[in-house]
Structures are given as C-alpha cells and as structure tokens.
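Chains as they are written, first to last, in this note's numbering: chain A, 1 to 102; chain B, 1 to 173; chain C, 1 to 343.
I should point out that these hints are in silico values taken from the structure, not numbers from a laboratory. Hints should not be assumed to be uniformly reliable.
Claimed, not checked - Dumping the calculated DMTMM-like pairs for lysine to aspartate or glutamate here, alpha-carbon to alpha-carbon at most 25 Å:
1) A:LYS25 with B:GLU33
2) C:LYS152 with C:ASP10
3) A:LYS99 with B:GLU172
4) B:LYS32 with A:ASP93
5) B:LYS32 with B:GLU99
6) A:LYS96 with B:GLU172
7) B:LYS170 with A:ASP93
8) C:LYS49 with C:ASP91
9) B:LYS32 with C:ASP75
10) C:LYS152 with C:ASP190
11) A:LYS25 with A:GLU74
12) A:LYS96 with B:ASP11
13) A:LYS25 with A:ASP93
14) C:LYS89 with B:GLU33
15) A:LYS96 with B:GLU99
16) A:LYS96 with A:GLU74
17) A:LYS25 with B:GLU172
18) C:LYS152 with B:GLU33
19) C:LYS152 with C:GLU83
20) A:LYS101 with B:GLU172
21) A:LYS25 with A:ASP98
22) C:LYS194 with C:ASP91
23) A:LYS99 with A:GLU74
24) B:LYS170 with C:ASP75
25) B:LYS170 with A:GLU74
Listed here are the chains, written in short residue letters.
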Amino acid sequence: MVTLVSYIIVSAALLGIGIYGISVKRNAIRILFAVEIIVNAANINFAAFTRYLNPPTVSGQVIVFYSIAASAMEAAIGLALILVAFRLNGSIDVRKMDKLKG
Amino acid sequence: MVEVALTIPPDVVFIAFATVTLLAAILALQAKELIYGAIALGASFAGIAGMFILLDAPYLAMLQIAIYVGAVVVLILFTIMLVRREEGEEVTEQRERGEGAAGLWIAGLLAVAIAGVAALAGPNLPSTPPGNALPVSQLGPALVTQYPVPLLILAFLLSAALLGAMMLAKVER
Amino acid sequence: MVNIPTSPADLLPFIISIVTSHTFITIIIFPGMIHLTLVSAFLTWYERKLLARIQLRIGPLYAGGPGGILQPIADGVKLIFKEVILPYKADRTLFTWIPLVLIYLGTLPFAVIPFGQHWVIANLDVGLVFIFATTSVFPSMIIIFAWASNSKYPFIGGLRSLFQQVAYEIPMWISALSVVILAGSLNLVDIVNKQAKIWFIVPAFLSFIVFFICIMAELERLPFDLPEAEPELVAGWFTEASGAIFMAIFLALYLKLYMMSALVTDLFLGGWWGPPFLPQPVWTVLKALVVATAIIIPRGIYPRIRVDMLIRIGWTRLLVIALANVFITVVLVNSGLLARWGL
C-alpha cells in the first residue's frame, strides 16, 4: 500500500543523493545535476502532501508549477556561469576555483 | 474459468518508478562519462513525472517532461559539449578520495532520519489519499485568481533569466 | 475482468474474448500498431510517387502490384540486410538505442489521438499537453544521436535541427492554445466533439496557418530542410546511420509525419465529423492523408530557407501572429459571436 510515508522516503532519499553529489563531486556540471535532483525531491514532497491532505487542494500543484519553472531558469543561468568559468579558468574543476581574483 | 482483473496494482507501479528514479539519480552522479550522466538524469526526471501521475497531477507530469527532459537536459548536453577540452576526450575522473565514506555517512544519517519520521509521524499521517483528486481544470483558475502575483513575478524572472544567460554566455569578440 | 481458462475447452473462447476486446483492437489493430505501420509505409511510397509526378517522372514502378506499391517492403528488406557501419570511436550503445527510442517517441502520441468517438487508446484529460511533452523530447534525442556519431556533419546538422525544432515549438503550441480556448478543454476527444457544427479552422484560421508552418518545420520538411541540406551536410544528423538504424530513423520520421497530420485534423479540421456515408475513423484517416499531401507537396515546389531567416521567422513573425490569434479568439469567444455554433 502506497502511503504518504513512502513518498517522504523517496523524497528524502533523493535529497540524500543530492547532498552527496554537492559535497563530494568536483565537476561543476555534476554539482548542477545534484542541485536539480534536490529540487525534484522537493517537488515530489509538495505534490505528495497536497494529494494526501484532507480536503484535497490545488495549492501544492501551483507551488510545484512555479518550482519547475524557477529551477529550469536556475539551471540555465548556472550553466551559463559554468561556461564563463570554463573560459576564464580552463577547467570546470571546482577545487581549482578557490580564488576570488581574476 | 477463473475471473481475474487485468490491472497492475498501484504499489508495483510506485515501486518501479521510485526504483528507476533513485537508481538513475545515483547513476547520474557516478557515471564515468558526463553524457551518460545527463541521460540518466533525464531518466530520473521521467521517473519523477511518473510519480506525479500516481499522485493525480497529470498536468504537472507533462510539464515536468516537457520542461526538464525537453529543455533542461538539452541545455546540459550543450554545456557538456562546449566545455570539452580540446585535446582528445575529457579526462575521465578518478574517484575522489573521500567518496565512499561520505556516501556511507549520508546514507546512515538519512536512514536514521527516515526511521525517525516514519516511527514518530507515521501514525499521524494519512495512509490513503482522501476522496477524489481535483481535476486539471482547477489549476488554471487557481493560478490566475489566487496566485496572480507569483505569476507576474515568474514572467519577470523568466525574462531576466533569459537576458542574463544570453549576456553571460556571449562570446566577446 | 477476464476469464482465465482453467481447462483446454475454454481456451478458444478466451482467445476470442481477448481478440475482440476494445483494448486489444485499439492497441494492436486500429489506431494501433498494424495501422500505424501500414500507413507509415504507405506514406513513404506515397511521397515518392507524389514528388515524382510533380517533377514529371514516374517514381517507384517495379516493386510489384499496381505502380510499385510494395516498394516500402522492398526498402525495408534491403535496409535490414545492409551492414551497420559504426563510425570510429562512436558511442555504440547510444548509436544503437536512440533510433529505437525515436520510434517509441513517434508512436507514443498516438495513444491519445482519437480517430473516432470511441477509437482512442487512452482518453487523457491532458491529451494535448501529453503530445506537447513527447514532441519536446525529440530534440534532445537528436542531439544525443548527433553527438554519438562522432563526426562533423552529423553534429552540425544536429545542432541546426535542434535550433529549428526548439524555435518552432513555441508558436505551434501558442496556436494550439487558440483551439483550447475555443473548445474549453485539453482533452482531444472533447476538442473534436466541439467541432460538430463548425470546424476550428474557420474561427482560428491564422492559428491554422501558423500551426501548419510550424509542423513543417518540426518535421524538417522543405522548405525547412536545412538540417538535411544535401549539398552541404550530406544528410544531416543521421548521416552516419546505415542499415537497420537508418530504417528505424526513417520509420520514426514518417510516423511523426502521420502523427502531426492526425493532430492537425483533430485540432482544426474537425476530426471525424463528416457526412455519415463513411464510418468515422475513415474520415479521420482521409483528412490526415489530405494534410500529409499538403505537407509533402511543398517539398517539390519551394526552395530552402536560409538559416537566419528560419530562426527569425520562428521566433518573431510566427510568434506574433500566434499571439494575435489567441487575442482574437478570446475576443470572439467572449463576445458571443460564435454562439450559434455552440462555442
């Protein structure tokens, strides 16, 4: 039986995978993958809660709608920043981008 | 003759989608090639869309596929192709030093947190979805009448993001 | 609910009950797999004959039957037996799997396109958005395949194809928005039912024109043929495809052609409504073939559009016309001018 707790477990697991990706990986694009995974985890959480609430409401779906649009925008800007960083530093290794100068 | 219903129980569907999503997310971070990682990320997004359908939000599921798999994955693929080093293939990443330990720690913390939530709050959370879900036609009026300000802010944000990304990625000659 | 047979005497009634059930007929026969395969194969032959007659020649003639109608089968057999050449350092997994995914994406929208009042596989409430979602996954598959071919011409062709398809998706769906406003629902069966008295091409004529131009660009047909510009790019993003892989991509392209034609008939040309001397699904198929003819004919007539004109038309002119038509449609619906047709 699929309960609300099952969806919370899935969402928390995705959050954990995303945190692992942000903290361990050194390729900037993989860190962006991890950020997108975390945002998707939050979306699933919103959608699950809005379905299982008494009485049913549509606010969670509106929030997910905005969240999808906003995170697509943030992915676009993040990728543009990765491009600029690649041009300035020659690599997308985040361990090499530790100086504010230049 | 035995009477049998030819349906797939929703539990099996949920477990299938959840497994695909989690495995694809792990693969997206651990794959050797970035392009395989991007495709796995697309599969993970598709699994999330499947879970949206199970949660009676079909419009959100279609939006998820159209925007994430159709646009964000394309953007990521473009960026991966543009940041390749010129000398042959990209340097295959050696495994980072603390990877296994960090993964185990996070998995352990998560297991404790999930067990805590399931034990403490589980009995108080609803275990079956109530009644009928709202139809798709309710989403539009809610967006425009109850939440018009975020809609306008979203429009401005989209224009700003579009212009910003173009300005950032422009090649100065 | 089905009756599983428990003894051999029940086997035949069981098989008959499965074969004549509505689900089986819609998924396998019509508008399912057999119908799609036959019509897509027919469209390849039809296009070659039509273009041949426009260009004052005859076209396929010898493959059997009247006028070479078995030509697609001959093509299929030939392509299956050809060698699949993998380019140097091409990505083997992606190269062989992406064409199958493309066929899958080409047939998936047919699950929601209705061919008759009850001839639909899945009557989704969000049918139109489902088609939007699946057609927007095409460009990412194309760019992956072009990258996996590891060679210059496919890559440039893939990029051009991506720009073109992404640019023309937006006016396409804004002009479909006019239809949704007129019908008041995203469900394709409802949209066709509302066209019982008047086809939506009449109040939303500008939308029809924009939608038609956009699907010609989505299908990469002349005059939007730039990704396949033969003197420049050999064959565009599927240059390196050979043998069975080329057959899969070819089939996917013609499935997409049929899908877009069926979508145009359901959105604008009244779906299955017509004089009752022919059954409903036959009307839909006939109208879809008329639309497919209208898509194929410009290939023999018009020159190719230059890339900067292509992008400019997609992002500026067509978008403005589509938005203007949404505005006109809102005015028409709210002013009650269309009340005598029930809109």
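Evaluation of the provided hints:
Taking the CA atoms of LYS25 (chain A) and GLU33 (chain B), the gap is about 14 Å. The hint holds against a cut of 25 Å. Annotation: proposed proximity of LYS152 (chain C) to ASP10 (chain C) is violated, straight-line Cα distance about 61 Å (limit 25 Å). Between LYS99 (chain A) and GLU172 (chain B) the alpha-carbon distance is near 23 Å, which keeps this suggested pair within the 25 Å criterion. Only pairs whose Cα atoms come within 25 Å are accepted, and LYS32 (chain B) paired with ASP93 (chain A) is accepted, the gap being roughly 15 Å.
Proximity of LYS32 (chain B) to GLU99 (chain B) is assessed by CA-CA distance (about 14 Å); at most 25 Å being required, the pair is judged to hold. Between LYS96 (chain A) and GLU172 (chain B) the alpha-carbon distance is near 24 Å, which keeps this suggested pair within the 25 Å criterion. As the CA atoms of LYS170 (chain B) and ASP93 (chain A) are separated by approximately 22 Å, the hinted pair is consistent with the 25 Å bound. The hinted pair formed by LYS49 (chain C) and ASP91 (chain C) fails the criterion: a straight-line CA distance of about 37 Å is larger than 25 Å.
Proximity of LYS32 (chain B) to ASP75 (chain C) is assessed by CA-CA distance (about 39 Å); at most 25 Å being required, the pair is judged violated. This hinted pair does not check out: LYS152 (chain C) and ASP190 (chain C) have alpha carbons roughly 47 Å apart, beyond 25 Å. For the proposed pair LYS25 (chain A) and GLU74 (chain A), the alpha carbon gap of about 20 Å is at most 25 Å, so the pair holds. Note on LYS96 (chain A) and ASP11 (chain B): the hinted pairing is violated, with a Cα-Cα distance of about 46 Å set against a maximum of 25 Å.
Between LYS25 (chain A) and ASP93 (chain A) the alpha-carbon distance is near 9 Å, which keeps this suggested pair within the 25 Å criterion. Our distance criterion of 25 Å between C-alpha atoms is met by LYS89 (chain C) and GLU33 (chain B), whose separation comes to about 14 Å. Proposed proximity of LYS96 (chain A) and GLU99 (chain B) is supported: the alpha carbons are some 18 Å apart, at most 25 Å. A distance of roughly 23 Å separates the Cα atoms of LYS96 (chain A) and GLU74 (chain A); the hinted pair therefore holds under the 25 Å criterion.
For a cut-off of 25 Å, the pair hint linking LYS25 (chain A) to GLU172 (chain B) is broken: about 30 Å separates their Cα positions. For the hint pairing LYS152 (chain C) with GLU33 (chain B), the CA-to-CA distance comes to about 20 Å; that is within 25 Å, so the pair holds. About 22 Å separates the Cα atoms of LYS152 (chain C) and GLU83 (chain C), which keeps this hinted pair within 25 Å; it holds. A C-alpha spacing of about 20 Å is found between LYS101 (chain A) and GLU172 (chain B), which places the hinted pair at or below 25 Å, so the restraint holds.
Between the alpha carbons of LYS25 (chain A) and ASP98 (chain A) the distance comes to roughly 15 Å, so the proposed pair stays at or under 25 Å and holds. Distance restraint check for LYS194 (chain C) and ASP91 (chain C): the Cα-Cα separation of roughly 49 Å exceeds the 25 Å cut-off, and the hinted pair is therefore not satisfied. In summary, the hint linking LYS99 (chain A) to GLU74 (chain A) is supported, as the alpha carbons are separated by about 23 Å, within the 25 Å threshold. About 46 Å separates the Cα atoms of LYS170 (chain B) and ASP75 (chain C), which puts this hinted pair outside 25 Å; it is violated.
With a C-alpha separation of about 18 Å, the suggested pairing of LYS170 (chain B) with GLU74 (chain A) holds against the 25 Å cut-off.
When each numbered hint is compared with the structure, violations occur for hints 2, 8, 9, 10, 12, 17, 22 and 24.
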